[in-house]
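Colleague: Each chain is listed here by its residues.
There are 2 protein chains.
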Amino acid sequence: MAVYTDIAEDDLKWFLTEYDAGTLLSYKGIAEGVENSNFLLHTSKDPLILTLYEKRVEKSDLPFFLGLMQHLSARGLSCPLPLPRRDGSLLGSLSGRPAALISFLEGMWLRKPEAKHCREVGRALAEMHVAGDGFDLKRANALSIDGWRGLWEKSEARAGEVEPGLQTEIRSELDFLSAAWPSGLPAGVIHADLFPDNVFFLGDQLSGLIDFYFACNDLLAYDVSICLNAWCFEKDGAYNITKGTAMLEGYQSVRPLSDAEIAALPVLSRGSALRFFLTRLYDWLTTPEGAMVTKKDPLEYLRKLRFHRQVKSPAEYGLSL
Amino acid sequence: MAVYTDIAEDDLKWFLTEYDAGTLLSYKGIAEGVENSNFLLHTSKDPLILTLYEKRVEKSDLPFFLGLMQHLSARGLSCPLPLPRRDGSLLGSLSGRPAALISFLEGMWLRKPEAKHCREVGRALAEMHVAGDGFDLKRANALSIDGWRGLWEKSEARAGEVEPGLQTEIRSELDFLSAAWPSGLPAGVIHADLFPDNVFFLGDQLSGLIDFYFACNDLLAYDVSICLNAWCFEKDGAYNITKGTAMLEGYQSVRPLSDAEIAALPVLSRGSALRFFLTRLYDWLTTPEGAMVTKKDPLEYLRKLRFHRQVKSPAEYGLSL
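For the protein sequence lines, the chains are A and B, in the order given. For the first sequence, our numbering begins at 5 and goes up steadily by one. For the second sequence, our numbering begins at 5 and goes up steadily by one.
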């Protein structure tokens with residue numbers, strides 16, 4: 005949950021004069037996203053999301069994020085569409101923060117997704133990968149293999165608090181991934197954070213993808229591995245091959261994976277499990293007790309990492325090879 | 005801000021089958037209220053507020069709060085209206101909490117209210133006091149004079165951290181108020197928390213009152229004194245007599261104050277300033293650092309209390325006697 009900045013109604017009305025957004029009827033801070041402040045606006049036209057970009061977002065990245073949503077939307081993907089200001093730009097300023105006005109997507113995220121939903125997510129992810137083609141801004145993935153060692157070093161000294169022996173295990177994992185990380189796989193724009201809370205459904209129908217604020221250029225199959233980690237494990241830590249099969253079939257119905265991408269899936273999945281383990285570990289060790297933030301258990305991703313480490317063939321993810 | 009409980013979309017859909025609420029399109033946790041979890045629902049019909057009552061609210065008080073909103077709404081006051089369930093009751097259960105579905109009021113609260121808005125608030129408060137007549141449930145005010153000493157004793161030992169010498173001043177204030185508190189004034193249902201964030205406007209037009217979760221039976225003029233404290237002081241601590249005049253004229257245009265109520269205003273205002281000072285002091289001393297809650301400065305209300313203490317005549321509030 006996150007609403008870091010309050011907005012005075014006069015400032016908001018003034019801000020809205022730059023848009024063709026109708027008359028403002030109400031605005032509510034909403035508990036969505038963890039990096040920014042978000043408000044749901046009711047107007048005499050359609051509802052809108054107002055996002056104020058807080059300090060954790062690099063202002064220089066905003067043209068990438070907003071331009072990407074515009075690009076994907078123009079290519080038919082259902083995702084939030086930034087409204088242009090009267091001068092054509094997508095970014096304004098409100099309460100001292102960069103701010104954008106974005107279309108509101110109806111739909112709900114699934115707390116208990118089933119295999120049929122995983123299929124839809126796989127399909128939508130591939131659609132996004134295809135639609136991202138031709139987007140000409142670039143953004144490096146700061147949270148990919150080159151960034152992990154630095155992230156680990158911030159937590160390493162205290163990692164034993166979470167589980168004894170973690171130092172040795174993670175150092176050896178980093179060494180392995182540095183040696184084994186694939187090169188030459190198809191790359192493009194990836195979502196990089198397509199967790200259940202970023203996918204909306206109306207009934208069993210996927211209604212849209214949101215939160216492109218980790219999007220970047222990286223290996224497309226790495227994005228697939230993030231989704232396998234995020235959607236296809238059960239609460240008890242077990243990999244659900246039915247969900248994995250559905251996810252991968254959905255993906256390949258739009259964009260078939262190459263043999264090299266399939267062969268790389270176990271390594272990529274180790275990498276993405278490590279990536280979420282490392283950020284969660286850092287947050288776990290640095291978020292003060294009593295802060296009204298749900299700390300996510302880093303060990304969940306350590307268990308996933310260990311699962312991928314013992315995978316002997318990509319077939320174990322549910323691929324028919 | 006407050007969203008303490010997440011809701012699974014399946015549970016919510018099941019909950020909604022008990023209401024004539026249309027098809028659910030989306031729900032967002034919103035930053036509104038500090039005692040409960042609130043969600044803004046979009047449906048195929050009108051938008052709705054879903055409130056989950058958290059531990060700080062006494063379950064036995066809920067029939068009073070919900071019944072009051074229904075009563076006031078039926079009498080023409082613009083306030084949230086609880087939707088009845090198919091069995092006619094107003095209260096259900098969701099995610100293990102008592103839960104109610106309530107109409108959504110469009111409008112925005114004013115960060116910088118002017119005198120003209122204070123006039124509207126005074127009028128709406130009097131309309132509420134009149135409309136409350138005939139509501140037959142009762143709820144004592146736990147935060148009135150009988151409760152203050154107990155509240156003070158929870159903070160007294162550490163009060164010096166906030167300002168040296170506070171112990172003597174507050175003890176003597178409590179003694180004064182115990183002796184001087186009026187009896188025999190008109191009583192009824194009061195809002196007891198009508199701060200700017202609980203009053204919505206569309207343009208300069210008051211569109212509704214919200215958050216009746218401190219409502220109780222008490223002296224009507226005490227509610228007026230709460231509004232004088234909440235609306236008629238400037239950020240620099242000065243009482244704004246123009247706002248006070250407007251507030252009191254607005255109120256009396258609907259319900260004239262008796263001579264005894266007018267004479268009691270300075271004492272009642274000392275009391276209500278002390279009440280908000282005491283709860284803020286307690287929160288100030290007990291809320292952990294780093295919690296994502298805005299701590300409200302108790303000294304703001306100490307300064308207001310000191311202002312009222314030196315008032316020599318109710319005329320100083322802007323009344324023409």
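Some hints here could point you the wrong way.
For identical chains, the list gives no copy identity; a pair is met inside one copy or between any two copies.
Claimed, not checked - Using 30 Å as the maximum straight-line C-alpha spacing, the simulated DSSO-like pairs for lysine-lysine come out as follows:
| id | residue 1 | residue 2 |
| --- | --- | --- |
| 1 | Lys63 | Lys17 |
| 2 | Lys300 | Lys120 |
| 3 | Lys158 | Lys116 |
| 4 | Lys17 | Lys142 |
| 5 | Lys32 | Lys116 |
Worth flagging that the hints you see were computed from the coordinates, not collected in a lab. Given the structure is predicted, the values throughout are model-derived calculations rather than measurements.
Colleague: Could you figure out if Lys300 and Lys120 sit no more than 30 Å apart (CA to CA) within one copy, between two copies, both or neither?
Modeller: within (26 Å within a copy, 48 Å between copies)
Colleague: If the cut is 30 Å between Cα atoms, do Lys63 and Lys17 qualify within a copy, between copies, both or neither?
Modeller: Answer is within; shortest intra-copy Cα gap is 23 Å, inter-copy 39 Å.
Colleague: When no copy is specified for Lys17 and Lys142, does a C-alpha distance of 30 Å or less occur within a copy, between copies, both, or neither?
Modeller: Classified as neither; 34 Å inside a copy, 41 Å across copies.
Colleague: Cα distance capped at 30 Å. Does Lys158 pair with Lys116 within a copy, between copies, both, or neither?
Modeller: So Lys158 and Lys116 fail the 30 Å test inside a copy (33 Å) and across (44 Å) alike.
Colleague: Could you figure out if Lys32 and Lys116 sit no more than 30 Å apart (CA to CA) within one copy, between two copies, both or neither?
Modeller: both (27 Å within a copy, 17 Å between copies)
Of the numbered hints listed earlier, those contradicted by the structure are 3, 4.
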